[in-house]
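There are 2 protein chains.
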Amino acid sequence: MSIAASPAVNTFRLPELTLQAGGRLPGCELAYTTYGELSPGRDNVVVFTTKFAATHADNEFLIGPGRVLDTARYFVVCVNMLGAGRSTSPSTVDDPSAFPLVTIYDNVRLQRAMLEHVYDVQAVELVLGASMGGMQAYHWAVMHGDLVRRAAVICGAARIAEHNSVFLDGMRAVLEADPQFAGGAYGDRPPVRGLRAMAAAWAPWALSQPFYRDELYRSLGCDTAREFVDRFFEQRFEQRDANDLLAQMACWQAADIGALEDFGGRTEAALASITADVLLMPGATDLYFRAEDSAREIPHLRHGALHPIPSDWGHWAGNDVDPKAVTFMEHHLGELLARDPKPAGERRG
Amino acid sequence: MSIAASPAVNTFRLPELTLQAGGRLPGCELAYTTYGELSPGRDNVVVFTTKFAATHADNEFLIGPGRVLDTARYFVVCVNMLGAGRSTSPSTVDDPSAFPLVTIYDNVRLQRAMLEHVYDVQAVELVLGASMGGMQAYHWAVMHGDLVRRAAVICGAARIAEHNSVFLDGMRAVLEADPQFAGGAYGDRPPVRGLRAMAAAWAPWALSQPFYRDELYRSLGCDTAREFVDRFFEQRFEQRDANDLLAQMACWQAADIGALEDFGGRTEAALASITADVLLMPGATDLYFRAEDSAREIPHLRHGALHPIPSDWGHWAGNDVDPKAVTFMEHHLGELLARDPKPAGERRG
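Keeping their order, the protein sequence lines are chains A and B. So the first sequence is numbered by the working numbering: it starts at 268 and just counts up by one. So the second sequence is numbered by the working numbering: it starts at 268 and just counts up by one.
What the hints contain is simulated information worked out from the structure, not anything from laboratory work.
If you anchor each label on the Cβ, the simulated ranges turn out as follows:
#: 1; chain 1: A; residue 1: Glu559; chain 2: B; residue 2: Thr278; range: 47 to 55 Å
#: 2; chain 1: A; residue 1: Asp413; chain 2: B; residue 2: Glu505; range: 46 to 54 Å
#: 3; chain 1: B; residue 1: Glu559; chain 2: A; residue 2: Ser273; range: 39 to 47 Å
#: 4; chain 1: B; residue 1: Gly531; chain 2: A; residue 2: Glu505; range: 33 to 41 Å
#: 5; chain 1: A; residue 1: Arg456; chain 2: B; residue 2: Arg493; range: 25 to 33 Å
#: 6; chain 1: A; residue 1: Thr491; chain 2: B; residue 2: Gly531; range: 15 to 23 Å
#: 7; chain 1: B; residue 1: Ala539; chain 2: A; residue 2: Asp490; range: 26 to 34 Å
#: 8; chain 1: B; residue 1: Arg456; chain 2: A; residue 2: His384; range: 54 to 62 Å
#: 9; chain 1: A; residue 1: Arg291; chain 2: B; residue 2: Arg498; range: 36 to 44 Å
#: 10; chain 1: B; residue 1: Arg498; chain 2: A; residue 2: Asp413; range: 41 to 49 Å
#: 11; chain 1: A; residue 1: Asp490; chain 2: B; residue 2: Thr278; range: 39 to 47 Å
Far from chain A, some chain B residues (derived; all Cβ distances over 12 Å):
#: 12; residue: Asn277
#: 13; residue: Thr285
#: 14; residue: Glu304
#: 15; residue: Asp361
#: 16; residue: Gly525
#: 17; residue: Ala526
#: 18; residue: Leu573
#: 19; residue: Val588
#: 20; residue: Pro590
A quick note: this is a predicted structure, and the numbers were derived from the prediction, not measured. The beta carbon of each residue, even a glycine, is placed where N, CA and C say it ideally should be.
Just chain A, same shape as in the assembly (with noise of 0.2 Å):
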């Protein structure tokens, strides 16, 4: 559903990556995409973050011409997560078991050094995401409050809520339970029972209770609940690799702006930190990054807005499914990018 042709994918390699659990990741490659021109005093950067089983091509109805991240004015960088098949990944080493745990920070990281490498950017006007790209804004904009003006979070959260890691937990054993699966060592035959059973238990939880009552998923050419879950679930999951998913969700479940340096663990002590101006945007009726989790963010926040998506997407709000939701999204970002925060890296303190 992108509007145009997504561009070529560019790639930004270290020679290693020193990661935030311990060890480190060799020949670390970031496959990123960029539209728009970058401006001459390199302030006119958007960085768009990646969502679980996602790429850059699934952030682009919200990039172009005439669009809330417009190429006329913006230089919008869109990175791919580590571990979700494009930037290095288990299904990208030669051996996938020993893929060791990859942050979100460690993502932001690598993220950073791109930007100043290659594009040498002195300032980031917005960095945004949803779901998992949420929290890697939120991390960006704790770690990085020198650059970043605003951040978007939508459907995301500054930490994994202690709920969404039990959905989690359940999701891995339901894929670690195939036999087929090997601890991870499946080769060429992938374990595609336990991929699709997981993918059908998935999917009550990525919309919601209203979703399924209203038969939204006919808006998607879907007759019935069973052949969305199959069309948009167990044939989508079937094709991803096992081991990039454990990854991500390794990654997800780690994922809390408390536990970087400086915070001890304090989430809220790192929501205060924050400078930037931020926009949550929570999906009403998510099952797993949820509204009220955000609505307990926001009074830490110096600089913070909530606007929750009226969408009955649950999860999906954030995706360019529901056409509401995503016009709401436009006029909140367009509203966020309209403001005029300080200059960054003055506000800090």
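Given chain A, work out where chain B should sit, using these hints.
Then chain B, alone, in the frame of chain A:
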């Protein structure tokens, strides 16, 4: 957590039960327990149905001298569901793979036959149940308006929600993905991996997001969510018979009072036909039998009251684990029993 030793389990046997979906269940046995004494007029009966993966013993926390189902006054009959392992189930028959679809309707017909033949029951003061038990209570109220004076539906519904069915599809997929399930022909080698994976995936559904956030599992002696899921889901489901679970899930997925004769799929018409006083007590944070769905039933009931249980225990609000929820249920059940509806059978039409 019952307050006393369970009474002996009685068995009522029919040579065969003709089934709603067609076919029949031969040698059909209903396992049930009774508490208190049947009055000379045989009109002090409370029918207490049972829920998924549960037995009569799980009901006993509301029964006893001085409790809301006071055995000094009521003759309480707890009926075990077909498929749940005590009454006729895949695990009790010679060929589990030939076990037919047994519906809530079938259960209620068998239960009524027992009450008539064994006790010559003239009126049912109250039929109640939680979860699938609530679905049975609703079916009782529609099918036997001549007998039923009051019905209490706890964390239940008149029909399965579409989202709930998608969730159960996922759980079935997880269990059946275990090669050891072998299409149900696992014999004495149960699909333990599938059972445990299903349990892990079920755990976030059965409780609520705030349950996990606020670590309410500590009141059950668990230090972590992982310990809770292991002890209360994985270890328990591992003990259950896979075919029994699937038979109950098929029953659950087929549940709809609108599918009963005369209503042609119109659940609202079936609701409107109920003459009993109906008390709906959904759990306020239940993720699959939702309070919102109960609220949609109320306008169609002649005599309906809605009292969502203010509990963060999700679907388990109807269990005996949240003392505040138990007190709440006792209060509203007491009020329902204290109200004096017209005699059964005189309010029809």
